[in-house]
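S.K.: Going by my numbering, the first residue of the sequence shown is number 79, and it counts up by one from there.
Treat the hints loosely; a few may be bogus.
Claimed, not checked - Each pair of labels, with its calculated beta carbon distance range:
| id | residue 1 | residue 2 | range |
| --- | --- | --- | --- |
| 1 | Tyr165 | Arg141 | 34 to 40 Å |
| 2 | Lys104 | Ser138 | 45 to 51 Å |
| 3 | Arg147 | Asn120 | 14 to 20 Å |
| 4 | His132 | Cys167 | 30 to 36 Å |
| 5 | Trp126 | Met101 | 37 to 43 Å |
| 6 | Lys106 | Arg147 | 18 to 24 Å |
| 7 | Tyr165 | Phe137 | 36 to 42 Å |
I should point out that these hints are in silico values taken from the structure, not numbers from a laboratory. This structure is a prediction, so every number in the text was calculated from the model and none was measured. Glycine residues also receive a C-beta, built at the ideal position from the N, C-alpha and C atoms.
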Amino acid sequence: MFSALGALRQISLAPLGQSARGMGYKLKSHSGAKKRFFPTSNGNYKRWQVGLRHLNQTFSAERVNRLSRSVLVDNTQKKMLRRALPYSC
79 MFSALGALRQ ISLAPLGQSA RGMGYKLKSH SGAKKRFFPT SNGNYKRWQV
129 GLRHLNQTFS AERVNRLSRS VLVDNTQKKM LRRALPYSC
């Protein structure tokens, strides 16, 4: 009796065209990674360089301009970012 009631409840809550067993879970994106990395069109990720927030008054203009550009992440970080941002690419 109890198992039949549970099965009925699962079937009634499932959307049309989907069974209760076929439904998966949504993955959450890592909030910190969402703010720091952004995907490119070919599957890579870009990030901003560090070192421009403070204590940079002695930097040359060339160094400040170089640090202000975005760079591609390396393959090790890309592998971790695919897990942290499942819906980005």
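S.K.: Next step is simple, just say for each hint if it's right about the structure.
M.R.: Each hint tested on the structure:
no.	hint	in the structure
1	Tyr165 / Arg141: 34 to 40 Å	36 Å, holds
2	Lys104 / Ser138: 45 to 51 Å	47 Å, holds
3	Arg147 / Asn120: 14 to 20 Å	18 Å, holds
4	His132 / Cys167: 30 to 36 Å	33 Å, holds
5	Trp126 / Met101: 37 to 43 Å	38 Å, holds
6	Lys106 / Arg147: 18 to 24 Å	30 Å, violated
7	Tyr165 / Phe137: 36 to 42 Å	37 Å, holds
Of the numbered hints given earlier, the model fails hint 6 alone.
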